[in-house]
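Peer 1: Next come the chains, spelled out residue by residue.
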Amino acid sequence: MGLLEFAAAKALASSAVFLFITVLLMAAAKRISSCIVLFSAQCAVLVSEILALAYVHRSPEAYVVAGLVFVVKVLAIPYGLFRIVDRLNAPREVVASTSSAQSVFIAAGLILLSFFAVQPYVRTLGVDEEMLAAAVALVLTGAFLMVSRKKALMQVIGLLVLENGIFLAALTTTFGMPLVIEIGIFFDLLMGVLLMGLFVFRIRDTFEHLDVSKLRKLRG
Amino acid sequence: MTQALNVFQAVLLVLIAPLLRGVIGRWKARIQNRRGASVWRPYADLLKLFRKEDLVPTTASGLFRLAPVVLFAVTVAAAGFVPVLQGSALLGTTGDFILLVYLLALGRFFLVLGAMDGGSSFGGMGASREALVSTLAEAPLLLGLAAVAILARTASLAGIVQWTLRQDFFELSAVHALAFAALAFVAIAETGRIPVDNPATHLELTMIHEAMVLEYSGPSLALIEWASAIKLSLMAALLIAVFAPWGMATTATGASLAVATAAYLAKLAVVAAAVAVLESSVAKLRMYLVPDFLGVASALAILAVVFTALMR
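Just so you know, the protein sequences line up as chains A and B, in that order.
For the first sequence, the numbering used here assigns the number 734 to the initial residue and increments by one for each residue that follows.
For the second sequence, the numbering used here assigns the number 1383 to the initial residue and increments by one for each residue that follows.
Honestly, I wouldn't trust all of these hints.
For the chain B half of the interface with chain A, some residues (derived, Cβ under 8 Å), not all of them [stated by the list, open to error]:
| id | residue |
| --- | --- |
| 1 | Leu1488 |
| 2 | Ser1555 |
| 3 | Ala1559 |
| 4 | Gly1677 |
| 5 | Leu1682 |
| 6 | Leu1685 |
| 7 | Val1687 |
| 8 | Val1688 |
| 9 | Ala1691 |
Derived BS3-like pairs (lysine-lysine); straight-line CA-CA distance at most 30 Å [to be verified]:
| id | chain 1 | residue 1 | chain 2 | residue 2 |
| --- | --- | --- | --- | --- |
| 10 | B | Lys1666 | A | Lys763 |
| 11 | A | Lys743 | B | Lys1649 |
| 12 | A | Lys763 | B | Lys1410 |
| 13 | B | Lys1649 | B | Lys1410 |
Hints were generated in silico from the structure; no laboratory data involved.
Don't be surprised by glycine CBs; every beta carbon is placed ideally from N, CA and C.
Given the sequences, and given the hints that come with them, work out the whole structure.
Peer 2: Right under this line is the structure:
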């Protein structure tokens, strides 16, 4: 049993580092497919963290949540996104309004900002500083990815990263929401991705491109 | 005994450098479904070049002949700073990582001068590109090493290695991950590998290193080629020493030395395999995207330094 406890402690201690790295690489990535792979890796880090928390707090419900996150976020959503990328037949680059070096600089700044932003809450709530900072950093960089990327698909990925951040914040501050609500959220998320996927196809069919910065006029 | 081992590891670094190149070339060929040349080919090349006549352009001054010698000398001196088999280095007591970085910069400076002295337009183009790449690579290299040095509270490479050896293998900190990413980016740019520069050809308009050495021949070219091979092996040894020194000899016995050598060769094989896979799977960057590539490295290195203050 010593080994499992050791693994759980290490997963809790180092998952924030891996989350930061996935976020920074996402900011640097030039292709949509690598962003999707990075999103899947980010969710895998989340799964390992939930498993570690479940083991430490001896909570069977959390194992169910971990399984749900694994199936929905690590497998189903990336698979769906890859299908969309395949069927879109559009150029696969991430078209961004900032260069990748600038994006990484901004993402790094957002990570630092989140460390300073969580200071008062860490003291009053008594939660892990790195974890809470990682949650806020995920929310901020998700929002940054949404505003700086021009492809409609990248907006979907940005929103998913943002949602990961909110999920992580709930996990660290209150040790997750009740199971029923979690299941509802996952169902919502799946529907959301499905709808956004349809929406991306509609944009492509109507405008013959996916560049949201060019969506200025209404068309019938 | 320790001093003898220090000499041995520096000599090892210099002598196996062409072999590392040969192994990378061979594995790259296998991945691309070619048979590839023998792994000993770089040694044969060096031997052949050393026997040939040294041709100097009529427009060149004495600097042209001096540059390869200086480049080779400072690169070998830099190899004396890197711990390979144990937590100390031949010149470890006389200098720190800043000296190592600027020894490499000095060698590159002379190579750039020699390239411009050669008088061909290609040499000038290669020299200006090399100057651009090395200017941009210097900051992340220094900052990445500085981040680790701040954690270890010592500027000497041997001290950093000894500190890392005392840490738990699983004690992964954000600083190490970020600094490793930054230094890996820099190592690619510094050693002129794909995606920054293509070491396999001098028939490309966007070449950097090969354009600088076009005018060189005979023993001068051999010295330059050997120096760039040593630089590749030095960068690999530096990454291994700072981020994965586990297995290094802590006592000067035959058994621990054998373990250290085997561990080092295994880690070097991992690096060679990673380089071969990377070079076969990514395309060379356009010249104008190289600053962006190194900008990402700078951002990671700066974040690594800032994190040393944030994390306890």
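Peer 1: Now tell me if each hint is right for this structure.
Peer 2: Evaluation of the provided hints:
{"no.": "1", "hint": "Leu1488", "result": "violated, 27 Å"}
{"no.": "2", "hint": "Ser1555", "result": "holds, 7 Å"}
{"no.": "3", "hint": "Ala1559", "result": "holds, 5 Å"}
{"no.": "4", "hint": "Gly1677", "result": "holds, 3 Å"}
{"no.": "5", "hint": "Leu1682", "result": "holds, 7 Å"}
{"no.": "6", "hint": "Leu1685", "result": "holds, 4 Å"}
{"no.": "7", "hint": "Val1687", "result": "violated, 11 Å"}
{"no.": "8", "hint": "Val1688", "result": "holds, 6 Å"}
{"no.": "9", "hint": "Ala1691", "result": "violated, 10 Å"}
{"no.": "10", "hint": "B/Lys1666 x A/Lys763", "result": "holds, 14 Å"}
{"no.": "11", "hint": "A/Lys743 x B/Lys1649", "result": "holds, 24 Å"}
{"no.": "12", "hint": "A/Lys763 x B/Lys1410", "result": "holds, 25 Å"}
{"no.": "13", "hint": "B/Lys1649 x B/Lys1410", "result": "holds, 18 Å"}
Of the hints listed earlier, those the structure fails to meet are numbers 1, 7, 9, in rising order.
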